[in-house]
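J.: Residues per chain are reported as follows:
Number of protein chains: 2
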Amino acid sequence: MTSFSAILDTLRSASDRHLDDLVHWLKIPSISSDSQRCEDVRAAADWVAQKLASAGLAVELITTDRHPFVYAETKPVPGAPVVLVYGHYDVQPVEPLEQWVSGPFEPTIRDGNLYARGATDDKGQVLTHVQSVCEWIAAGHPMPLQIKFLIEGEEEVGSESLEARLEGLKDRLACDCVVISDNSQYADGQPAITYGLRGIATYELSLQGPSQDLHSGSFGGAVMNPAIALCHVLSSMVDEEGVIQLPGYYDRVRPLDETERREWARLPQTDQEFAQAVGVQKLFGEVGYSTDERRWARPTFDINGINSGHQGEGVKTIIPATASAKFSFRLVPDQSPEELTDSIERHLKNVMPVGVTWELKPDHGAPGMLASTESHFAQAAKEAIRESFGVEPVLIREGGSIPIVTRFQEVLDCDCLLLGWGLSDDNAHSPNEKFRVRDYHDGILASAVLWEKIGKLNS
Amino acid sequence: MTSFSAILDTLRSASDRHLDDLVHWLKIPSISSDSQRCEDVRAAADWVAQKLASAGLAVELITTDRHPFVYAETKPVPGAPVVLVYGHYDVQPVEPLEQWVSGPFEPTIRDGNLYARGATDDKGQVLTHVQSVCEWIAAGHPMPLQIKFLIEGEEEVGSESLEARLEGLKDRLACDCVVISDNSQYADGQPAITYGLRGIATYELSLQGPSQDLHSGSFGGAVMNPAIALCHVLSSMVDEEGVIQLPGYYDRVRPLDETERREWARLPQTDQEFAQAVGVQKLFGEVGYSTDERRWARPTFDINGINSGHQGEGVKTIIPATASAKFSFRLVPDQSPEELTDSIERHLKNVMPVGVTWELKPDHGAPGMLASTESHFAQAAKEAIRESFGVEPVLIREGGSIPIVTRFQEVLDCDCLLLGWGLSDDNAHSPNEKFRVRDYHDGILASAVLWEKIGKLNS
Chain A
1084 MTSFSAILDT
1094 LRSASDRHLD
1104 DLVHWLKIPS
1114 ISSDSQRCED
1124 VRAAADWVAQ
1134 KLASAGLAVE
1144 LITTDRHPFV
1154 YAETKPVPGA
1164 PVVLVYGHYD
1174 VQPVEPLEQW
1184 VSGPFEPTIR
1194 DGNLYARGAT
1204 DDKGQVLTHV
1214 QSVCEWIAAG
1224 HPMPLQIKFL
1234 IEGEEEVGSE
1244 SLEARLEGLK
1254 DRLACDCVVI
1264 SDNSQYADGQ
1274 PAITYGLRGI
1284 ATYELSLQGP
1294 SQDLHSGSFG
1304 GAVMNPAIAL
1314 CHVLSSMVDE
1324 EGVIQLPGYY
1334 DRVRPLDETE
1344 RREWARLPQT
1354 DQEFAQAVGV
1364 QKLFGEVGYS
1374 TDERRWARPT
1384 FDINGINSGH
1394 QGEGVKTIIP
1404 ATASAKFSFR
1414 LVPDQSPEEL
1424 TDSIERHLKN
1434 VMPVGVTWEL
1444 KPDHGAPGML
1454 ASTESHFAQA
1464 AKEAIRESFG
1474 VEPVLIREGG
1484 SIPIVTRFQE
1494 VLDCDCLLLG
1504 WGLSDDNAHS
1514 PNEKFRVRDY
1524 HDGILASAVL
1534 WEKIGKLNS
Chain B
1084 MTSFSAILDT
1094 LRSASDRHLD
1104 DLVHWLKIPS
1114 ISSDSQRCED
1124 VRAAADWVAQ
1134 KLASAGLAVE
1144 LITTDRHPFV
1154 YAETKPVPGA
1164 PVVLVYGHYD
1174 VQPVEPLEQW
1184 VSGPFEPTIR
1194 DGNLYARGAT
1204 DDKGQVLTHV
1214 QSVCEWIAAG
1224 HPMPLQIKFL
1234 IEGEEEVGSE
1244 SLEARLEGLK
1254 DRLACDCVVI
1264 SDNSQYADGQ
1274 PAITYGLRGI
1284 ATYELSLQGP
1294 SQDLHSGSFG
1304 GAVMNPAIAL
1314 CHVLSSMVDE
1324 EGVIQLPGYY
1334 DRVRPLDETE
1344 RREWARLPQT
1354 DQEFAQAVGV
1364 QKLFGEVGYS
1374 TDERRWARPT
1384 FDINGINSGH
1394 QGEGVKTIIP
1404 ATASAKFSFR
1414 LVPDQSPEEL
1424 TDSIERHLKN
1434 VMPVGVTWEL
1444 KPDHGAPGML
1454 ASTESHFAQA
1464 AKEAIRESFG
1474 VEPVLIREGG
1484 SIPIVTRFQE
1494 VLDCDCLLLG
1504 WGLSDDNAHS
1514 PNEKFRVRDY
1524 HDGILASAVL
1534 WEKIGKLNS
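In order, the protein sequence lines correspond to chains A and B. Using my numbering, the first residue of the first sequence is number 1084, and each one after it goes up by one. Using my numbering, the first residue of the second sequence is number 1084, and each one after it goes up by one.
Be careful, since some hints might not be right.
The calculated lysine-lysine pairs, modelled on PhoX-like cross-linking and capped at a C-alpha distance of 20 Å, are [to be verified]: (1) Lys1539/B / Lys1465/B; (2) Lys1365/B / Lys1432/A; (3) Lys1432/B / Lys1465/B; (4) Lys1365/A / Lys1432/B; (5) Lys1253/A / Lys1158/A; (6) Lys1158/A / Lys1134/A.
Covered stretches of chain B, going by a simulated chain A footprint (3 or more residues, C-beta under 8 Å) [stated by the list, open to error]: (7) 1127-1139; (8) 1350-1363; (9) 1505-1513.
Source of the hints: derived by calculation from the structure; they are not laboratory data. Positions of the beta carbon are idealized from the N, C-alpha and C atoms, including for glycine.
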């Protein structure tokens, strides 16, 4: 038996312990957007730092203005590549709470799935790499490459601290490839290598009408209703097929590559299956694009929340004093969040009805990203997935955003591997978030195989 | 001294007691739309029933499926007219609570105003008539006419019980004129007789998109966002000048009478003063109409509340599963709420984007109303106001709705007097609702003078 197959055996026999670890971590409600949860966020950082330290890695908690980075590294291996594993220990908010079958921070297994906020996004997924490395070292074998971990606590709120500190951490994070597991397989039983991500830009728009709510009888018709004004300006930003109406918005959008369009057209999921999975009767979107093209490679606009006036029981016939919306754009490579903000400001100035004042607050933004599908690292990942999940991975893009990835490519001048072990119906950002227990364990194995394959490459 | 001037003296000397009474009544949180407040609503009914009974009126609490009517009457006076005083003891909801300077049910006097929910709408105003009648009888003088009181508890939720029971109460409520004080003077120091009201129709529209909130990255562009769909359909109902876009919506709208347009053009308030009073920099509205025409005699559309997705702190990049809005129309005489509902249904079927399901729930509706400005009763009201407030009233319409008034005209075949003692900045339906203490006392005097003048008319 080779030393590597001994490591794989160790990994397989430790699956109960691996699951216990994840359950412990998921119990910590590390919601980074909630200022009341700072201590919980910190506790989630401490948990994974302790886990890495107890396996013998050199660990440091790098403090920031908000939530710390957990940094850890194994010993350098001269001549072998250096891999940086990036992930996050913070999670999304949990409302609407009443839609959770079990509590978001009471991890519960049902039908082979572990349900909890953060199960797939991203505690469960990043922990696959932590486990593979910790077990490898605990088994007493030298690792064939150096692994660095950077696990942050602000991914769900825009990774601002990491953005700000990345240049300064350039030497410490130096690597040949960043490995990130924070997304999904293409479909159940069909793992993927994700070579593209959309960018993001998020905003809050607040409108102020009258100085307070007014009686809609005495004042209706003479005073602009800010909820109506908000509907008008939000409607003006996108048409009913999802085509964004901001002037120049598509100027920098790269046309899709015909090769990838052909590849994606071969992917097995039908529109009908997709519609059923999300619970809608009909899909929608830009004419001339397939569902995967629309969600992976076309820019989009979504309202994430909207709020005005009376929302309680019964009727309250008012002109509300205020109306506000949170909205976000997904960007494709070459689109700039900064240019977008300017464009929205100009557009709002043009279309905003009289009788209201308004404020646009950009929150966070990041450009999209594309990685090579032909590099040695991609080759190693294909083999690792084949050997662990038992199928050839497909090559896809993903519609979500990992804002820091493009910055890693720029600052660290490294390759990038996005290896999602989750499923698209894992309910990331939704009630009843889950991670399939089997995918967690297969992900741990695939991670170990990946280290073994990359260890054979020259740096 | 005549017996009537003795009554007036009594009224003037009892002002402290009158104010105490109102404060007691206002402390009862009789929010009719809130099913948690049923007992409070009942307590408000009991309070005024007790007040009328203790003055010797025959009082009955007429139970309904929801909140009871308080009915009371003085002795019949053969040959003299019968007047029905209509008002309501229920009040609007109070949120946003944090904007109240003092608690909505802790009546507080500041700068000569009594602040509390219901101060002007309608406890304070209807109590002026209760006080004038109770004091008149307590002073030992026979009233020169019969007064009936009908004070209900569902005015703020559409007067459904009264609508349903009105035909059955026709004989008991039989009268020559209905007197209602539930609106405003034209401006500070300029009381008015209001001869027209707008009608109303209120709705809730609910949209369902995906079966739960979705990650806007993984799904954005391929799944219709119900908040965007809602903005599109709400925008499609009205343009930016307030012109309603439903097909045929203006077909039954009466053109304004040139005489009343000339009269209203002479009213003293400028647009600048009006804008300042409501706290906006610019007014808005239909081209070709003045501010008073827009709010009194033109039909309008307002969004009263809108709700979708994430409204808490920070960013949550989702496609919300649902979006909903409460909205209302103000109607002018000859427009029918039932026809409007059909028209909205048809319009929504035409404009609703694919990928969402929807439900429209009509809440309550009532047509608009116009009364005579030349009747004997109007004449008596002009004199009563002149003698009590010291100025000639102006003749105006009002943009608000008192859904039951048109029904009184139809079923009871009676005249109608709308005598508002409040001010337009009394914040009815808003935080910091108030009623000027002086207007309350002058209203009590005017009410007594009105009984004296009407008592001299033949029935």
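J.: Each hint: holds or not?
T.: Taking the hints in turn, this is what the structure says about them:
no.	hint	verdict
1	Lys1539/B / Lys1465/B	holds, 15 Å
2	Lys1365/B / Lys1432/A	holds, 16 Å
3	Lys1432/B / Lys1465/B	violated, 50 Å
4	Lys1365/A / Lys1432/B	holds, 16 Å
5	Lys1253/A / Lys1158/A	holds, 18 Å
6	Lys1158/A / Lys1134/A	holds, 17 Å
7	1127-1139	violated (count 0)
8	1350-1363	holds (count 4)
9	1505-1513	holds (count 5)
The structure is inconsistent with the numbered hints 3 and 7, although it conforms to all the rest.
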